[in-house]
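Asks: Fit chain to chain and form the complex, with the hints in mind.
Okay, here's what each chain looks like letter by letter:
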Amino acid sequence: MTAVVVNGTTWLGPRHVTVAQVVDVWCPSPKGVAVALNDEVVPTSRWKGTVITDGDRVEIVTAAAGG
Amino acid sequence: MPEWRDDPLVIAGRRLASRLLFGTGGMASLDALHRALAASGSEIATVALRRVDPQARGSLLDVLAELAVSALPNTAGCYTATEAVLTARLAREAFGTDWVKLEVIGDDRTLLPDPIELVAAAEILVDDGFTVLAYTTDDPVVARRLEACGCAAVMPLGSPIGSGLGIRNPHNISLIVEQAGVPVILDAGIGTASDACLAMELGCDGVLVASAITRAQRPERMAAAMRGAVVAGRDAWAAGRIPRRFHAAASSPTDGLIAVDTR
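Respectively, the protein sequence lines represent chains Z and F. 21 is the number that our numbering gives to position 21 of the first sequence; each next residue is one higher, with no gaps. 1181 is the number that our numbering gives to position 181 of the second sequence; each next residue is one higher, with no gaps.
It should be emphasised that the hints constitute simulated quantities derived from the structure, not laboratory data. Some hints could be false.
[Unchecked claim] Cross-link-like lysine to any residue pairs, in silico, SDA-like; alpha carbons within 25 Å at most: (1) Lys31(Z) to Pro1054(F); (2) Lys48(Z) to Ala65(Z); (3) Lys31(Z) to Leu1030(F); (4) Lys31(Z) to Glu1066(F); (5) Lys31(Z) to Leu1086(F); (6) Lys31(Z) to Arg1051(F); (7) Lys48(Z) to Asp1053(F); (8) Lys31(Z) to Thr1110(F); (9) Lys31(Z) to Phe1246(F); (10) Lys48(Z) to Thr9(Z); (11) Lys31(Z) to Arg57(Z); (12) Lys31(Z) to Gly1077(F); (13) Lys31(Z) to Arg1050(F).
Isolated chain F (complex conformation) (with noise of 0.2 Å):
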């Protein structure tokens, strides 16, 4: 193995192979979640909090322990910073971690994050000791905002949450790569295993993927091909790409032709 295939991503000091972060909503069933989950190769699934079911059969928290995959709870359907600080306060009760990938949504229809809501309550779970991962929009100002107040990273969207519209920016997403100290993880919006590939050529450092693999019509074989486009787009990104030209440039040598006579 050539040594530049160990390039772990490091967050808040915790190595991890993959960059392929996984979203658990919107699976059919727990078997199809487990399948999806162990061919994506992620180390990391989100999970959500809601209300117990006295109904529920099966644990999601056993399928990913069955995985060695890390819980990364998530404050979804959260609107305020006040109910998003409650929930990540219950999830590290839960799920005894104090990682938490924050969102405050600002409207149902868009599913957009509302840039104050989400800053205010990155400030208070900092300081109250969470390792925040803040999902935000494709600002590089609310990026750097919320690093400044101590996430441990940003997580820009690409288009809106389950819309498959892909990376409707790329030029902001450049531009919070280029000013982050902090991982940048391309999160929502993923359609297809391209907009995967094409974050991660913008230097992203990681991708987060939900829909796009628990919708598929066949979501283990999906997993896969996001696995395999992470990979790709980090190697090319890493490669270092050769730069657009409006004209060809011959690679094969234009000295040493043959002579023929076409007259």
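Okay, chain Z solo, but in the shape it has when bound (with noise of 0.2 Å):
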């Protein structure tokens, strides 16, 4: 397993999940979404590529109504 803080909560995933994994478990549309892990942005092409390690954190984002 794999511990990883997904939006401030604590989601366990299998092992040598990777940050495309964790959108479709979040969020299975993903258009306007993008990622950060570890405070750094995952270009959407790379996500099928990133495996996520115990402890990560990973932001998912889209589009808010904000001034």
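Replies: Structure follows, in structure tokens:
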């Protein structure tokens, strides 16, 4: 198991889980979505190839109304 | 149409027919937002970046796309340059734009900008290829520093965000306008249409309005009012107003008055 903090909540995923897999769980239609892994942006093109390790922090964000 | 009607706002080489920028925060529903945004005639609307909500229904980005309005991501809620830079980079990835309305707040009661963190973030983002529109105080020196580090526009506040207090220091706004080599867009504090009109009469190149529209009792109608006010204020500024006088100056001829025996 891999314990990942996704958007502030601890989530238990399989070993060698990728960013793409985490996004798929949290946001099945990721249009207009961006991901940061430990405070660094992970471009969409690298989601499948980026493996998450135990204790990593993932932020998945999108548009919200705001001034 | 007279030729002076073709008077676009140009930011970083992009021509915008509307000088009213729309802030999307505070609207009750996406449907109400759609109607108000259409009434505003704005071509640019700000969006914030937040954690995905798996329960969310409908998309703000779809509303903007239907109206052919460009999203201007902001860094609202950031208190440090580090947070603002990461937020801007995430926004670039999410929305495919390198434009950013840079906000770095220094105080959660007044939401006033932190000029030191703001300039630090602006330097990093400009170096990183962003088109930075910087939300700032009404301090002309800070505005000059932001322009010097390569910001595409400066966005001084009229008064604190959401306060509706209007333009508390019109003289400072005039000083910023006088020295600026980039567009000046008044941001924050607008309460009603006359505030937006005054900003334009002071020579601002544009106005960003959020709460004054989105939290009005009838947002669509207020959006229309703001649209008219920005056009009126721009025309008044370009027309060149008369000087203020202490005493009256008659507008009717003083020669040729009839003689009347008033005894």
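Asks: Within 25 Å, alpha carbon to alpha carbon, are Lys31(Z) and Pro1054(F)?
Replies: Since the Cα atoms of Lys31(Z) and Pro1054(F) sit roughly 13 Å apart, the hinted pair holds (cutoff 25 Å).
Asks: Is Lys31(Z) close enough to Glu1066(F), meaning Cα to Cα at most 25 Å?
Replies: Holds - the C-alpha atoms of Glu1066(F) and Lys31(Z) are around 16 Å apart, at most 25 Å.
Asks: Sort out whether Thr9(Z) lies within 25 Å of Lys48(Z), counting only the CA atoms.
Replies: 22 Å, holds
Asks: So if I understand the rule, the pair passes when the alpha-carbon distance is 25 Å or less; does Lys31(Z) with Phe1246(F) pass?
Replies: It is violated: about 61 Å lies between the C-alpha atoms, which goes past 25 Å.
Asks: Does the structure keep Lys48(Z) and Asp1053(F) at a Cα separation of 25 Å or less?
Replies: Holds: Lys48(Z) and Asp1053(F) sit about 22 Å apart, inside 25 Å.
Asks: For a C-alpha distance cap of 25 Å, please report whether Lys31(Z) and Arg1051(F) respect it.
Replies: 13 Å, holds
Asks: Given the proposed pairing of Lys31(Z) with Gly1077(F), does the C-alpha separation stay at or below 25 Å?
Replies: Status holds; Cα separation ~23 Å.
Asks: For the pair supplied as a hint, Lys31(Z) and Leu1086(F), is the alpha-carbon distance within the 25 Å limit?
Replies: OK: Lys31(Z) and Leu1086(F) at ~19 Å, within 25 Å.
Asks: For the pair supplied as a hint, Lys31(Z) and Thr1110(F), is the alpha-carbon distance within the 25 Å limit?
Replies: 34 Å, violated
Asks: Hinted pair, alpha-carbon criterion (25 Å max): Lys31(Z), Arg57(Z). Please report holds or violated.
Replies: 21 Å, holds
Asks: Please work out if Lys48(Z) and Ala65(Z) have their alpha carbons no farther apart than 25 Å.
Replies: 29 Å, violated
Asks: Do the alpha carbons of Lys31(Z) and Leu1030(F) lie within 25 Å of each other, as the hint requires?
Replies: With Cα atoms ~18 Å apart, Lys31(Z) and Leu1030(F) stay inside 25 Å; holds.
Hints 2, 8 and 9, counting from the list given before, are not met by this structure.
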